[in-house]
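Novice: Please build the complex by placing chain F on the supplied structure of chain H, with the hints as guidance.
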Amino acid sequence: MRVTLASGLEDLYVDSDGTAVVMIDNAVLALSKLSTIVLQVLSAHGADGVESGDLWEIVRHAVGDPPGDVDGEAVVAGVLRQLQTAGLARWVAER
Amino acid sequence: MAESFVLRSLERVVEIRMRGRAAALADRARQAWSRCLTDATPDGPPIEVRWRPRRPSSRSSTHVDAGTAGAVLELLSQAVALAGIEHGAGRLVMLHACGVADPDTGRTVVLAGPSGMGKSTAAVHLGRRWGYVSDETVAITEDQRVLPFPKPLSLIRGERWKEQVSPDDLGLVVPPQELRLGAIAILSRHPEGLTIVERKRRTEFVAQVAPHTSYLGELDRPVHRLAGLVEPEGGPILGYRSSDGLESLVHQLMEVPG
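As given, the protein sequences belong to chains H and F, one line each in that order. Numbered per the working numbering, the first sequence spans residues 966 to 1060. Numbered per the working numbering, the second sequence spans residues 2 to 259.
Hints are supplied without guarantee of correctness; some may be wrong.
Unchecked claim - Some residues of chain F that are not near chain H, with every Cβ distance over 10 Å (derived):
# : residue
1 : T39
2 : A70
3 : G91
4 : S116
5 : W162
6 : E179
7 : E205
8 : P223
Stated by the list, open to error - Incomplete in silico selection of chain F near chain H, CB under 8 Å:
#  : residue
9  : V207
10 : R222
11 : H225
12 : A228
Since the hints were derived computationally from the structure, they do not count as laboratory data. These numbers were taken from a predicted model, which means no experiment stands behind them. Don't be surprised by glycine CBs; every beta carbon is placed ideally from N, CA and C.
So that you can see chain H by itself, here it is in the shape it has in the complex (with noise of 0.2 Å):
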């Protein structure tokens, strides 16, 4: 499944310490560091999105590699369900 960042994103302010605060709708959201880049690799790759399973490889240049018992793609996963619930993110058809 690929992704991209939803239409509908008004403003990203991203500050020195990685983390972000987005308006999307209206309604204002703070996001994580690691949500941050995830973002902005989303809206890097613009309509053509990102293939989902390839989101850690991508991302892990920026954050580092986890300790060993955590699961880099499980937690991007994660912040994936995270961005598309907040309305940032969304699943789009294989081109």
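Specialist: Here is chain F on its own, set in the frame of chain H:
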């Protein structure tokens, strides 16, 4: 019969027309709005005020219609504030907040919070030491000037409608003309007493203060504008139980270099 006067509401200059029976309330209204009276020329539609018993109350930024004197005066306060807020949409960051300013420097501390959080009570208490800026709406320009809105304080005194009391009648300090933003804090009731409960990182603070704004989405790059008003290290959530303790917290915020 009609009585009229002109008020400044943030950047709006609005004429108040007290029509018919409402004209009898004009002196009370003028007194309550003593610090907002102006000789400037109105720059938009007036607010038409009517006092008609046994009719449902209503108000907008251009009219007030109410059945009792108390209702007329409270709804007039809301209408005047609304006129200023609508006028500032797209230009000003407007917070549901009370504000007080250092009488010497104009450094302004803004305490944002929902209705019922005690903003007016805090303004009455704090305004005896610092300059009274507003008990309800604080507006901030793009260059971080604070616009005073020294409206009547809306005080619960046992009646159905909040009494509208002039800051002059309460002996509140007049702030300097030039006001600069010092700090924004969010008010929160705290059951264990008074302390700075938590300093939130800037992004979290912006997300928490956003619900206490008006017309935020009308601004260009709204979260950038809000984030620019918060210190890089974040902003405080002020837990408090009584206005007495609030004073020391505001004192700390006044002391922080802007």
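Novice: None of the hints should be skipped; say for each whether it holds.
Specialist: Here is how each hint holds up against the structure:
1. T39: holds, 33 Å
2. A70: Given a closest Cβ separation of 37 Å, the condition holds.
3. G91: holds, 14 Å
4. S116: Fine: 19 Å to the nearest Cβ keeps F/S116 off the interface.
5. W162: holds, 31 Å
6. E179: holds, 28 Å
7. E205: violated, 5 Å
8. P223: F/P223 not clear of chain H: closest Cβ-Cβ about 5 Å, inside 10 Å.
9. V207: For F/V207, the interface hint holds, since the closest Cβ of chain H sits about 5 Å away, which is under 8 Å.
10. R222: holds, 5 Å
11. H225: holds, 5 Å
12. A228: holds, 5 Å
The structure does not agree with the numbered hints 7, 8 stated previously, though it agrees with the rest.
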